[in-house]
Structure formats: structure tokens, C-alpha cells
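Novice: These protein sequence lines map, in sequence, to chains Z and U.
The opening residue of the first sequence carries number 1 in the numbering used here; numbering runs sequentially from there.
The opening residue of the second sequence carries number 115 in the numbering used here; numbering runs sequentially from there.
Hint data in this document are derived by calculation from the structure and do not stem from the laboratory.
Certain hints may be false.
Just so you have them, the derived chain U footprint on chain Z, three or more residues with Cβ under 8 Å [said to hold, decoys possible]:
#1 40-53
#2 105-113
Subject to a maximum C-alpha distance of 30 Å in a straight line, what follows is the list of computed BS3-like cross-link-like pairs (lysine-lysine) [unchecked claim]:
#3 Z/K102 to Z/K11
#4 U/K214 to Z/K57
#5 Z/K102 to U/K214
#6 U/K150 to Z/K11
#7 Z/K102 to Z/K53
#8 U/K165 to U/K184
#9 Z/K53 to U/K165
#10 U/K165 to Z/K70
#11 Z/K70 to U/K184
#12 U/K184 to U/K214
The following label-pair restraints were derived from C-beta to C-beta distances [claimed, not checked]:
#13 Z/R98 to U/G167: 18 to 24 Å
#14 U/E129 to Z/D56: 22 to 28 Å
#15 U/Q123 to Z/T82: 25 to 31 Å
#16 Z/E27 to U/E129: 21 to 27 Å
#17 U/Q117 to Z/S112: 43 to 49 Å
#18 U/Q117 to Z/D56: 30 to 36 Å
#19 Z/T71 to U/E168: 41 to 47 Å
#20 Z/R22 to U/G167: 25 to 31 Å
#21 Z/R98 to U/G154: 27 to 33 Å
#22 U/P195 to Z/R98: 23 to 29 Å
#23 U/G207 to Z/G40: 19 to 25 Å
#24 U/S141 to Z/R22: 32 to 38 Å
On a predicted model such as this, the values are computed, not experimentally measured, just so you know.
Cβ atoms here follow ideal geometry from the backbone N, Cα and C, with glycine treated the same way.
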Amino acid sequence: DAGITQSPRHKVTETGTPVTLRCHQTENHRYMYWYRQDPGHGLRLIHYSYGVKDTDKGEVSDGYSVSRSKTEDFLLTLESATSSQTSVYFCAISDDDRDDEKLFFGSGTQLSVL
Amino acid sequence: GQQLNQSPQSMFIQEGEDVSMNCTSSSIFNTWLWYKQEPGEGPVLLIALYKAGELTSNGRLTAQFGITRKDSFLNISASIPSDVGIYFCAGRGDTGTASKLTFGTGTRLQVTL
Numbered sequence: 001d002a003g004i005t006q007s008p009r010h011k012v013t014e015t016g017t018p019v020t021l022r023c024h025q026t027e028n029h030r031y032m033y034w035y036r037q038d039p040g041h042g043l044r045l046i047h048y049s050y051g052v053k054d055t056d057k058g059e060v061s062d063g064y065s066v067s068r069s070k071t072e073d074f075l076l077t078l079e080s081a082t083s084s085q086t087s088v089y090f091c092a093i094s095d096d097d098r099d100d101e102k103l104f105f106g107s108g109t110q111l112s113v114l
Numbered sequence: 115g116q117q118l119n120q121s122p123q124s125m126f127i128q129e130g131e132d133v134s135m136n137c138t139s140s141s142i143f144n145t146w147l148w149y150k151q152e153p154g155e156g157p158v159l160l161i162a163l164y165k166a167g168e169l170t171s172n173g174r175l176t177a178q179f180g181i182t183r184k185d186s187f188l189n190i191s192a193s194i195p196s197d198v199g200i201y202f203c204a205g206r207g208d209t210g211t212a213s214k215l216t217f218g219t220g221t222r223l224q225v226t227l
């Protein structure tokens, strides 16, 4: 298994509260990604990082922020969670942004916003 | 953004049957990928396709890159219970980076004994 750990694995929170999800990797890969998975939409990219302190927006970035202060950690923050952010969140890592066969996913975080 | 349509959305088949699913795009792709996701896990890459018309196998799985470059197909022969999961296609066009991958909506496969 690619060394990717997502925490927490499950979380229930209330609307309006801040939430931070963590992705930790032990592979020293340069690129890290956050996706959300929803029925009828497949996986959609929220934000990604191409190095420490280097991040960019994905397709569905509104309401989310990210930080990467160390190579191994990529944090996804919902500043004020909404029910529409109930989803399964996946982190992915890659050491080559142009080689699709090197993209590996974590096991996901199930987030419920009540 | 781009949309990838997968069909069927779900399939219930008996062990030993063959399975076919497909993915269509509104635009041309240069890469097609097929992933499998098991319950409680993230997607795992099964097959990657890079050329129109390409046919690639991985054990009992065979995938094809459509000649129009707007579709791809995945076949599973002689299904077994461990084939259960959600199968996703993904593709990207000319921009060439993983951040530009578009994922399909998935085909959920159930296999009965």
C-alpha cells in the first residue's frame, strides 16, 4: 500500500463549525490532492499541492482551504461546514504529476455535516 | 467542467458471467484510466490507456480506448465475488497533468453466487 493515512476516518459535525481533515504520507511525494466523492458525480478535485506552501484550486474549491507546511502533510479545512459538504473525502499522492499510473489514493474520510 | 458518463450505473450479475461497461465523454481525451473502488477504500488503478484503439488486458480485465477518443470500454470475463466494487473511468485531454483528470460517475458491480 502507498503510505497514505487519512484522519479522521469518520467525522460527524454540525453546520457552521470548522473542520480540518489531515492527509499524511510517508512516500516523500511532491504532489498531493484532495478530492470529494458524491453519488452521481464521481471524484471531483478540491485543491492540490505541488510542493511545500504551493497549492492551487481544483474544480470544486469554494468553501475549502488547504495548507501544506511539510512535505508529508496536506490539510483540508472547511472554515464553516455546510450540509452540502457532507461527502467522502479522498487524499491522493503522486511523485510525477504527468504519470497517471503514479497517482495513489488514501482510504477516505466520511464527513457528515448535520 | 467536463462530464464523463458511465453506464450502466449498476449491475447485478451471477458469478461466472462476463461484464461490460463503458464511459463516454463530450470531448476528446488523450488518456483513459480505469479504477476499482472497494467498500471503505480509495480507488485503485486497474488499467491505463494512451492511444486511440489501444486494447489492454490485466488478468480477466480488458479495456479499450475508443477510436473516436471520446469513449472507453471495460470488460470483465468470468466474474468472481471479489470483483464486487465500484468501477470508475477517468480521462484527461491535452493539459497533461493529474490535476486535470476527470472522473466518471462509476458503475457499481454486484456479483451473486
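Novice: With a cut-off of 30 Å on the C-alpha distance, tell me whether Z/K53 and U/K165 pass.
Specialist: 36 Å, violated
Novice: Regarding the pair U/K165 and U/K184, is the alpha-carbon distance no greater than 30 Å?
Specialist: Judged against 30 Å, a Cα distance of about 12 Å means the pair holds.
Novice: With respect to the beta-carbon atoms only, verify the hint that U/E129 and Z/D56 lie 22 to 28 Å apart.
Specialist: 45 Å, violated
Novice: Does the hinted range 43 to 49 Å hold for U/Q117 and Z/S112 at CB?
Specialist: 27 Å, violated
Novice: So the hint says 18 to 24 Å: do the beta-carbon atoms of Z/R98 and U/G167 match that?
Specialist: 22 Å, holds
Novice: Is Z/K102 close enough to U/K214, meaning Cα to Cα at most 30 Å?
Specialist: 14 Å, holds
Novice: Using the C-beta atoms of U/Q117 and Z/D56, is the stated range 30 to 36 Å upheld?
Specialist: Since the Cβ atoms of U/Q117 and Z/D56 sit about 22 Å apart, the hinted range of 30 to 36 Å is violated.
Novice: When you check the alpha-carbon spacing of U/K165 and Z/K70, does it fall within 30 Å?
Specialist: The given pair, whose Cα atoms are some 37 Å apart, is violated under the 30 Å limit.
Novice: Evaluate the given range 41 to 47 Å for the C-beta pair formed by Z/T71 and U/E168.
Specialist: 35 Å Cβ-Cβ, so the 41 to 47 Å window is violated.
Novice: For the pair we were handed, Z/K70 and U/K184, check the Cα-Cα distance against 30 Å.
Specialist: 39 Å, violated
Novice: Does the Cβ distance between Z/E27 and U/E129 fall inside 21 to 27 Å?
Specialist: 37 Å Cβ-Cβ, so the 21 to 27 Å window is violated.
Novice: Holds or violated: are the alpha carbons of U/K214 and Z/K57 at most 30 Å from each other?
Specialist: 11 Å, holds
Hint compliance for this structure: hints 9, 10, 11, 14, 16, 17, 18, 19, 20 and 22 are not met, and every other hint is.
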